[in-house]
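K.L.:
With chain A held as given, fit chains L and X onto it using these hints.
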Amino acid sequence: MTDAVRSAAGERATMLRRRFLRTRTGPFFGGLLLVLITVTILAPLLAPHSPIRQYLDHTLEPPSVRFPLGTDDLGRDLLSRLLHGGRITLLAAFVSVGAATAIGLPVGMISGMLGGRGDIWIMHGVNALLSFPSVLLAFAISALIGPSLAVVVLAISIVFAPRMARFARGQTLVVRETPFVEAARATGASLRRLIFRHVLPNIAAPMLVEASLGVGYAALIEASISFLGAGIQPPRSSWGLMIKEGFGYMDSAPWVAIAPGAAILLLTLCVNVLGDTVRDVFDPKVRL
Amino acid sequence: MIATAPVLLLVTLAAFMLVTLLPGDAVSALLASAEGLDPRVEESLRLQFGLDRPLPVRYVQWLGRLSVGDLGRSLLSRQPVLDTILARLPVTIILTAGAIFLSLAIGIPLGLLAGMRPNSLVDRFLSAFAALGVATPSFWLGILLGFVFAQSLGWLPSFGYRGPVENGFWLMAQHMLLPWLTLSAARIVEVVRQVRSGTVEIMTQDFIRTARAKGLPERMVVWKHALKNVLVPVITVTGLAVGHLLSGAVVVEVIFLLPGMGTLVVEAVLQRDFPVTQGVVLTGAVATIGASLMADALYGLLDPRIRYD
Amino acid sequence: MIGQHTCSLRRHRVAFLLGVVALTTLVTAALPSLAFQQTPARAVHIRIAAVEPNIKNYDPHKGFSGLEHRVLYAVFDQLVRFDRSGNFVPGLAESWEWPDARTLILTLRRGVKFHDGTPFNAEAVVFNFRRIMNPEEQSIVRGEWAGVESLEVVGEHRVKITLREPSAAFLASLTDRSGMMVSPTAVRQFGEEFGHRPVGAGPFILQAWVPGSHATLVRNPDFWEKDFPKADRITVYQFKADEPAVRGLKAGGADFMQGVPAKDVEWVKASRNFDFIDRPTVSALIMSFNLTRAPADDPHFRRAIQAAIDRRAILTVVYGGIGQTGTSLLPKGFWSVDPVMLAPAYDPARARHHLSLSKYRGEKIGIVVSPDDRIVKTAQLVQQFLGDVGIQMEITPLPGPEQLARFFSGREFHGRIGGWSGRPDPHINYFAVIGCGGSFNVPRPRGFCDPKVDELLAQGSATRDRVQRQKAYYALDLHLSDQAMVIPLIHESWAVAIRKNLGGFTPYLFGKPIYKELGVK
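Chains as they are written, first to last, in this note's numbering: chain A, 749 to 1036; chain L, 2 to 310; chain X, 47 to 567.
The shape of chain A in the complex, shown without the other chains (with noise of 0.2 Å):
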């Protein structure tokens, strides 16, 4: 690499950078899922108990100095169990989505480059599993093969793989026609060399907030899947189990479903606030 494209790149990081910056919103809920990421990492520090003891004599306890969001119903502490049940909610959706990128990107790649028959081929295996509907399809997986953490991450893995393969060859297709893809094929360079050289490092942008964006509808699967009695099991915890746990006391004891109801809530919001507008700062039409 030469000094120009070096300092290229950093310049357009600068601008990136500070375009990010300048929408606000960006950095308010970027720092907010920071914030929430960092919290469940730390759930085991910060957690005032632990999450599956169960307070006999407590239950159903409205928030207090002794439990600061109330006790569920067989006397545990709920901070603790949305903190641990955080870190397990976070894990299998950044997983799930991480494992569905690393399936997906290639095959997207590969099928885009590819071209003829073998795209074609791909993509139909790949429009097949999209049109399973996805609750139905995780929550009939994990159920099938016996609920666990596990398991809910293979599932969903499985729903979005199809997902990121479909993405990642869109955006194949519009780097394979810029010029300077079409003079490296016409010199003779392999598939292998096309990709990493050219497509990996133009589509990474946009397959980032693609994940990003998926991360929260992942964790919806989770809590979705969780709540039809197929997902995390109890007594370990999740946010969407703390849901279903908490619905039958709405009216005796909302906070048990609300507190995790509205965790879900500020998790999706920031991860879609964020990808939305990460997708604005890499657009160059977009005024900010």
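There may be inaccurate statements among the hints.
Unchecked claim - Some, not all, of what chain L presents toward chain X, calculated at C-beta under 7 Å: (1) SER159; (2) VAL238; (3) THR264.
What the hints assert, rightly or not - To be clear about the criterion: a stretch of chain L counts as covered by chain A if any three or more of its residues have a C-beta under 8 Å from a C-beta of chain A, and this derived list gives those stretches: (4) 75 to 84; (5) 133 to 139; (6) 166 to 175; (7) 240 to 247.
As the list claims (entries may be wrong) - The calculated label-pair distances, taken between Cβ atoms and stated as ranges, are: (8) LEU172(L) x GLU238(X): 31 to 39 Å; (9) GLU440(X) x THR786(A): 25 to 33 Å; (10) GLY549(X) x PRO1002(A): 28 to 36 Å; (11) PRO816(A) x ALA340(X): 38 to 46 Å; (12) GLU195(X) x GLY65(L): 24 to 32 Å; (13) LEU804(A) x SER196(X): 51 to 59 Å; (14) THR21(L) x PRO145(X): 54 to 62 Å.
Think of the hints as simulated: they come from the structure by calculation, not from any bench.
A virtual CB, placed ideally from N, CA and C, is assigned to each residue, including glycine.
P.N.:
Leaving out everything else, chains L and X in the frame of chain A:
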């Protein structure tokens, strides 16, 4: 446009593999659910289900039966799967169709409102609301709506389904209003977003300016020109969103006790009724493909540009 | 969507039309199956909120779930019934006699008709019995008929059953699925469909059933008991979970619910619209083991578990104090349970002592549970109690079929916490759970065979004399408790909410509601 035939073929393959490759098979589920069954029966059942044959053969045979509408029988109720699904399908269709209608009826006017006055107070309020709407889990919303409108205020029934044929439209609508709202919430938000951005874009375009210059009142300009150009993509995207709606329908049906495909799949999956699970998953996929096919076709019919190709 | 512009118009039209045609066909094909008739005006119509998340089959001989009984009792009359104190009373069989210990002669009620108008007679009864005994029919209750040697029609309204060995429990089975009489004509006509179009001789006719939603029962005008049913029409809403069902009750959409969750009991009691009833049942929540698998094969280990569990806390926290703590498979108050027998004490010190004598070495023990809200909560409490004395327990919620395939087969897990729905005769209960060859004894098909258990079971079943039988079951309970072979946790009481203008409902010990008695006060 998706090439439908090969995709459908691959869909059947995926549905076949879903219940074939996962642990446990139909016969052990059947044996386990029938107490005191003779173990010798197992072998004959395996033969009857054809589990002794190699996978590709079983797939082709299954496909052959599928092509004449034979989805097998439920292991538990012993009813033909096709009948079971046909009995449940109208409920899910009514639920989904109503949600689509609501999302367009509410979403389009709001989107126009926001798009005609970008960055106004209304616009900002709507975008904030939209961001929240997308992030809300639908079951959470359903529970809240049920709690407020059925239990606390007593305005609407909290559960149950009344078929329109026997009970008339209004009794049905009364029972479906909360499910419709729950299911359409996320779609409404999407429609608002799309209509808004479409409107913003179109308001700055030449033909609108021309119309304005001709002295047509602004309201008419928007309705006659902008609406048409905004509507076409909204309708097609709605067709593509049917898969999402079917996903949401699973949870909504469970919350409001609607005897549709969602409650059916929950029953079937949790009790390992493999043929029913397979049937529902397959129907969900076929419905999604059918809807996007229709969306494509509608797009062709509505979009004037194609007409002059 | 770029590619769409290139498609020709004709292709779009064709695809669109195809789509419309397909959808219309689906809708019209499906609509007729949902149609059902209207209620007559001013009739007594009772709406029941029931939590029955399972797929159902209303063929009494082929169904598989205790939750089907609510509708089965309404549609099918039994040959013999139980009264509220657990005594046999006549049903479709007007009387019965035992000429010797192996022969039972049933005299059938005259003038009874099935819902389809066909007569109920000795031939119909023998058809029912043969159907159950035919291996090809795969009846769920075929096991109850293993001891039957022969059947004989001895008159238009008399049937003779010859047993291989004396059995005190056989008559009891005629109060349950085995005694529910189906119309032979309807069975022949509907075949496999019968489970969806059940025809019996019971107080109600199943007028419509929308699986996943509700079952509509209308009164059978020809029912032989002229005073029943009290209601003209009963709609049973079959919810998937407690919460929507309770919400239905609170929002006024239902008049009756049996099994109100503990947390809503206070609401029902305070309600101006509902009365609260609570009665014990024979159902039990038990912890059972694979007694052939270490460390659950060690009595010390099981005694440690038995002493570590605080049943009172489970009753309070999970069941809202409604019900009783378990001492036996059957509740206190049932004739076969010793009224002075004490429940195993909650004693963590004793538990640790037993644990130190056992071969348990800190490994995780796997407990499978049914995915039912109350059971999963109970299991979490048990997990903490065991953890407190040093036993690591892992909970795996599994639906019924999978439990059978993975736990009852003996392949996985050490034990189970789950419901035992309770049968009308003690022998059936004990035999199924702990008898050699019992269907709930793990691992199937024989299970763990304890000579003393089998000896006491044989004693209890050899005679119909209650005092003699009591002696055997008192001793059996002591033995089971000493060996901690089964740990009874809770006997649930069904908490019932019933609208104030309704009455006539008194729950039976067997926990299953008898809808024919529900009516306006």
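K.L.:
Compare the structure with each hint and give your call.
P.N.:
Hint check:
Below 7 Å, beta-carbon pairs count as interface contacts, and SER159(L) has one with chain X at about 4 Å; its hint therefore holds. Hint status for VAL238(L) relative to chain X: violated, with the closest Cβ pair at about 9 Å, above 7 Å. Interface restraint check: THR264(L) against chain X, minimum CB-CB distance 4 Å, threshold 7 Å, status holds. Against chain A, the stretch 75 to 84 of chain L contributes 0 residues with a C-beta closer than 8 Å to a partner C-beta. That does not satisfy the three-residue criterion, and the hint is violated.
Counting residues of the stretch 133 to 139 of chain L whose beta carbon lies closer than 8 Å to any beta carbon of chain A gives 6, which reaches the threshold of three, so the coverage claim holds. With 0 residues having a beta carbon nearer than 8 Å to a beta carbon of chain A, the stretch 166 to 175 of chain L misses the requirement of three or more and the stated coverage is violated. Beta-carbon proximity to chain A at under 8 Å applies to 3 residues in the stretch 240 to 247 of chain L; the threshold of 3 is reached and the given coverage holds. Between LEU172(L) and GLU238(X) the beta carbon distance is about 34 Å. The supplied range of 31 to 39 Å therefore holds.
Remark: the range hint 25 to 33 Å for GLU440(X) to THR786(A) is upheld by a beta-carbon distance near 30 Å. In this structure the supplied range 28 to 36 Å holds for GLY549(X) paired with PRO1002(A), their Cβ-Cβ distance being about 35 Å. Between PRO816(A) and ALA340(X) the beta carbon distance is about 44 Å. The supplied range of 38 to 46 Å therefore holds. For GLU195(X) paired with GLY65(L), a C-beta distance near 47 Å fails the hint of 24 to 32 Å.
One distance hint, 51 to 59 Å for the beta-carbon pair LEU804(A) and SER196(X), holds here, with the actual separation near 57 Å. A beta carbon spacing of about 56 Å between THR21(L) and PRO145(X) agrees with the range 54 to 62 Å that was offered as a hint.
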